[in-house]
Amino acid sequence: MEFTEEQLQRYSRHIILPEVGGKGQRKISQAKVFLIGAGGLGCPVGYYLAAAGVGTIAMIDNDTVEVSNLQRQIAHNTSRIGVAKVESAKQTFESLNPDVNVVAIKDRISKDNIMDLIKDYDIVVDGSDNFPTRYLINDACVLLKKPLVSGAILRFEGQVTTILPGEGACYRCLFEEPPPPGLVPSCQEAGVLGVLPGVIGALQATEVLKLIIGKGKPLKGELLIYDALGVNFRKVKVPKNPDCAVCGTNPTIKELADYAQDYCSL
Amino acid sequence: MAVKVRIPVPLQRITHGKEEVEGSADTIIGLISDLDNKYPGLGERISEGGKIRRFVNVYLNEQDIRFLKGEETQIKDGDEVSIVPAIAGGQ
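Order-wise, the sequence lines are chains A and B. Residue numbering for the first sequence follows this note's numbering, beginning at 1 and increasing consecutively. Residue numbering for the second sequence follows this note's numbering, beginning at 267 and increasing consecutively.
Think of the hints as simulated: they come from the structure by calculation, not from any bench. Just so you know, not all the hints are guaranteed correct.
[Unchecked claim] For lysine-lysine, the following DSSO-like pairs were computed, each having C-alpha atoms within a straight-line distance of at most 27 Å:
#1 B/K335 - A/K240
#2 A/K237 - B/K317
#3 B/K335 - A/K210
#4 A/K237 - B/K270
#5 A/K235 - B/K284
#6 A/K235 - B/K335
#7 B/K317 - A/K240
#8 B/K270 - A/K235
#9 A/K215 - A/K145
#10 A/K32 - B/K342
#11 A/K254 - B/K342
#12 A/K237 - B/K342
#13 B/K284 - A/K220
[Unchecked claim] Computed list of chain B residues with no C-beta within reach of chain A, every gap over 12 Å:
#14 H282
#15 E285
#16 E288
#17 I295
#18 G296
#19 D300
#20 G315
#21 N323
#22 N327
#23 R332
#24 E346
Quick caveat, the model's predicted, so the values are computed rather than measured. Beta carbons are placed, not taken as given, at the ideal position from N, Cα and C, and that holds for glycine.
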């Protein structure tokens, strides 16, 4: 594909980078990325990927915009209250960049739809807000060998890791199982600093773009932890677990099962 | 052996807001017990029956202790221990 004059200008700051160039920008334009969640993380991830010119961005989320979302979910605005989040985000991203095709899916992700939904996409981004969905996404990506860029936030702390099935650890290698329900306070009670998903989402979008252009070192086999209060970025090692239930040597998870609801976190 | 221990935000209520505390022991499980004496309640949030909970990871100088010697992993002066729980927020 050839870039138009306007596209050459729009992406000029990318194209001038030797690591991107016209070739990298073309890869970005042809890439297909699937975002799970159009909330705190999904908004900044989608926003930056749209700005970068990612050809196809699909988003799935079943919620509508509420006023309490607007403290952090930057793709939505006051006039969109009551509108489906995926429709609101689609309008925002397409008005930022008409080159981008945004596929808005107002639905819940589940074991019954996830495989079909993500199978034609290059990279999956996890911006979900609960443990069952995180394990479901991980297992589906491992089974389909899809790269997964996972991000999570709580209060003042965020975590990011890139999962490349077959090459490195998966989310189950990192945390063998979710916390049991009832042990922990609810997500709504916990709160989150509004800018925190911006930091973590920008890191996820960076990882996605690096994977697309094939440059740099992906954040695989490591967990990046950001502590906003202490201003710390730390990385810890995430080895592949040979006993992992989904990607270990004798996996017990060979197809998707039901994942119980109502987990939260420590 | 005195070591620094990084406390994740969700557990900082128990450590009176401190993000880093000092503990002293020869092994990881000994350290958890020492910390629980200083900050009652911390132990049961991280471990159960002498085992680290499966949704909490403990790192010794960036290495996951599950891939060292688990709860019996030895610690020495100057080591840095991090406690990292799974978190799931995204919205």
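Practice problem: Of all the hints given earlier, name the ones this structure violates by number, lowest first. | Solution: Numbers 3, 10, 11, 13, 15, 21, 22, 23, 24, in rising order.
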